[in-house]
Amino acid sequence: MQALDNALARVGSVVLGKPEQLKLALACLLAGGHLLIEDLPGMGKTTLAHALARVFRLDYRRVQFTSDMLPADILGVSLFDPESGEFSLREGPVFSQLLLADEINRATPKTQGALLEAMEERQVTLDGLTRPLPSPFFVVATQNPVTQAGTFVLPESQLDRFLMRISLGYPAPEVELELLAGGDLREAVRELRPVIEPAGLVKLIAHVGKVRASRDLIDYVQRLLEATRADDRFAAGLSPRAGLGLLRAARAWALIHNRDYVLPEDVQAVWPSVAEHRLQPREGGQVAAITQSLLQTVPVVRG
Amino acid sequence: MARIYQVPSHARGWLTLAIIATSLPQLSDGPWWQSGLLLLVLGWRALVDRQRLALPGRLVRLVLLLATVAATWQSYGRLHGPEAGSALITALFALKYLELVSKRDAYVLIVLGYFVCATILLFHQGPLAALYVIGCLALLTASLAGINYSDTHARRRQHLGVAAVMLLQALPLAAILFVLVPRVAPLWNMQLDSGQARTGMSDSMSPGQVSRLTESAELAFRVQFEGQAPPPRQRYWRGLTYSYFDGTTWRQARPPGWSDRDTVYGGRGPQPDWYRDLRAADSGPAWRYRVIMAPSQQRWLYALAVPFTDLDGLALARDLRLVADAPVTGPLSYRVRSVPAAGAGATLDGAERELMLSLPEQGNARARRLAGEWRRRYRQDDALVRAALDYFRQQPFFYTLEPPPVTGDTVDRFLFDTRRGFCEHYASSFTFLMRAAGIPARVVAGYQGGEANGDYLQVRQYDAHAWSEVWLDGRWQRVDPTAAVAPERIELGLRQTLRNLGADQDGEGGGAFNRVPLLFQLQQWADYVDFNWQKWVLGYRQDQQRAFLERLLGAVTATRIALALLVAVLVTTALLALLVLSRRRDDPTRPLEREFRRLRQALRRRGLELPEASSAAVQSAVSGRWPGAATAAGHWRRYFEYLAYRLDQEPSGGQLRQLARRRRALLRALGR
Chain U
18 MQALDNALAR VGSVVLGKPE QLKLALACLL AGGHLLIEDL PGMGKTTLAH ALARVFRLDY
78 RRVQFTSDML PADILGVSLF DPESGEFSLR EGPVFSQLLL ADEINRATPK TQGALLEAME
138 ERQVTLDGLT RPLPSPFFVV ATQNPVTQAG TFVLPESQLD RFLMRISLGY PAPEVELELL
198 AGGDLREAVR ELRPVIEPAG LVKLIAHVGK VRASRDLIDY VQRLLEATRA DDRFAAGLSP
258 RAGLGLLRAA RAWALIHNRD YVLPEDVQAV WPSVAEHRLQ PREGGQVAAI TQSLLQTVPV
318 VRG
Chain C
9 MARIYQVPSH ARGWLTLAII ATSLPQLSDG PWWQSGLLLL VLGWRALVDR QRLALPGRLV
69 RLVLLLATVA ATWQSYGRLH GPEAGSALIT ALFALKYLEL VSKRDAYVLI VLGYFVCATI
129 LLFHQGPLAA LYVIGCLALL TASLAGINYS DTHARRRQHL GVAAVMLLQA LPLAAILFVL
189 VPRVAPLWNM QLDSGQARTG MSDSMSPGQV SRLTESAELA FRVQFEGQAP PPRQRYWRGL
249 TYSYFDGTTW RQARPPGWSD RDTVYGGRGP QPDWYRDLRA ADSGPAWRYR VIMAPSQQRW
309 LYALAVPFTD LDGLALARDL RLVADAPVTG PLSYRVRSVP AAGAGATLDG AERELMLSLP
369 EQGNARARRL AGEWRRRYRQ DDALVRAALD YFRQQPFFYT LEPPPVTGDT VDRFLFDTRR
429 GFCEHYASSF TFLMRAAGIP ARVVAGYQGG EANGDYLQVR QYDAHAWSEV WLDGRWQRVD
489 PTAAVAPERI ELGLRQTLRN LGADQDGEGG GAFNRVPLLF QLQQWADYVD FNWQKWVLGY
549 RQDQQRAFLE RLLGAVTATR IALALLVAVL VTTALLALLV LSRRRDDPTR PLEREFRRLR
609 QALRRRGLEL PEASSAAVQS AVSGRWPGAA TAAGHWRRYF EYLAYRLDQE PSGGQLRQLA
669 RRRRALLRAL GR
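As you go down the protein sequences, you meet chains U and C in turn.
For the first sequence, this note's numbering assigns the number 18 to the initial residue and increments by one for each residue that follows.
For the second sequence, this note's numbering assigns the number 9 to the initial residue and increments by one for each residue that follows.
Derived by calculation from the structure, the hints in this document are not laboratory data.
Don't take every hint at face value.
Stated by the list, open to error - As a list, the in silico SDA-like pairs of lysine to any residue whose alpha-carbon atoms are at most 25 Å apart:
(1) U:227 - C:646
(2) U:40 - C:570
(3) U:40 - C:625
Using the sequences and the accompanying hints, generate a full structural model.
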């Protein structure tokens, strides 16, 4: 799809050398899922989130999570207005279309939980009053690898709320040269012109659901899920919700590749970013390696 | 208490169908009220399902039950016995459907259904009946599968599939049980009356009786010979002998004071003298054959003279024929060895000789005079017999199925006035003449001839025949006066004879037999199937089983049978389990998957193992190994992916063939 290609190209002009990750991030967006970027500080996570917001002209907020943060700092507070004699809600940063939750694992579990609940419900309840979040609503959360000091590990149940987890990684040397030689990236992001309006994005998201997944393909997805459950290198297998997410992400991936039907390659392309963060290895296992190996062992076509 | 409906609706369809199918045979045999009852139950049930009616209360059920019992009593005069019993159980089976609420009721109903299936086999034992019962079992099992599906979206067809698989898996076990489980003599004597008048020989013969039989093409029995069958003129299947004549009717009889012990020997107890004498003469050529007999409701069996058999429950009678211990109510199969020469061992003693010469005090004076004349002229018995046959041959006697009725002195009237008759007239008057001339004689009734079908003979009711035996040279000799009058009856059989006799007999004699060639062929073929069914399935009784097991196990002991059963069942179950367990969940079940497997296996034969089972892997692996085939691989992959992932429905047959063509093109490209 031309517009999607343009959007990718524009984001790519500020996040250099990471086309696959950009596509995954875009697919996550199109699949209507939330994205978790796991990386060391300074790898371009914020730039990516901001650039995505720009090309879709999304209302963008950024929250830097800290350990002293309270749920109200994200959701908002009810304030008593002495003049009208009524309570009114002061909306927190969650009332945006694209929320960048920076370093989410620095906040306490309580605060993390408040955000994740809002992500799942797409609404916020304060003092018994339920308010819907804007549409579309995306959370791009970043987190430092858990080995870093002063972090609260996101529990598995919370990780499941993120459709994908990606990491950007260090740039390749030639890309880094270009980066260092180039101008101010922050400036460049601010100057990115939108490609697709939010309404168009909503339509695209609806369209993703219509991308055809044939019975053979669904069989394959099911076999993959089954394989994670049968594999005793994992503590537990993928949930049906993960399966639905995998299928949805694969549909979005197919749409990005301008197809109205899903191929097994689409599933395989999104597989690591959808599956890895939901799987816990038994002692000593390498999740990434095991997850990847399933793609080799699970037959795409039975026969 | 609120009743929760526990039997899913998708299972109920099968259950209803199973109930109808299982009841049908009983409905067609039984009294009318059974059909009414089933319709009532089904109608009521349908209204309940549409919530128009409630299930019957306790009182209504009680009334229905009592009415059913009363109606059974009314129809059969009793509640026990095979007919009344199965009628009652079939009716109760239908009634139980009105009580179906919980899953437990459904189980009871289905188990009852299996039992009703077994009762069907009491009355119908042909191959078609067996197929029908298997169908009923499938329906019942499908219902059973259905009520155990919790999934409310389960498809009806699925249940039948489950049932079919279960029945197939049960088949080897059923076969083993069939072969190995010892056949025991029935614990009770199952007397199937049901008033169905059987055609066939009766224990007395009066004029017109045998000719009535010839109107029926019903099967009497089948015979399979080991080796060559005897020629038609020797195929005299003896069933009964009549030795008492009251002037009109010939009857079975034995000398006064004799009992079964004197005339029948069944292989148990000390051998009587007459049996030992026969055995002593048991030498020379023999016919060995198996007779498969239709139920006759009579005790006598049919065999060539002199029949010996080892089968329990069969006995040799002093008049050189076989009798069964009990009336033949089901198909019966028995092996016989007939030794014509053994007839030389027969004896004829005082009381018996007297019986074989006995005639009514008076009547048929002309015949007696004729016999007296012959006696004066011929001193030798054999010369007299020849003269008598010549008499039949030379005087204008006619062989006809429609003899004019004779009354009074039947023998005289036939011999001297009407001279038109059927075999019983000839046999009766000939035997009369012989006795009047002082030669011991009797009438033998049975069948003569038989048509070959495949490797066996069919003997039908229209082959019924009567002939004479006279005591000559110390043994019973067969004399068939009918053969003197109408030799073609013996050589060619009745049907051909009647055809030759021409127009005046048109449509008579075996008239039920359709002469359209195709139909005839079909009938012969159906008979062939039926024959083998009778022989191998129904005929697999004590004697055959013992013979088979002896060959299989060496000796037939309870321990060996038990061991064989155990081993066979264990092995079969293990094999079945292995089959089920070895079926990997990944095994391809759909056409596209099978097509993929074919390609994958073909590549494997050429030494290419795919790194993963996918169409993409096919293309990259093939292109990497055989660059020349890259294009063909691409073609194949695109089409495969089109069918597998893009197409909105399952691929059509044409599309699958197209894919197969691309597969072959790809494989051809590898060769280049």
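When the structure is checked against the list of hints, which entries are broken? Sort them ascending. 2
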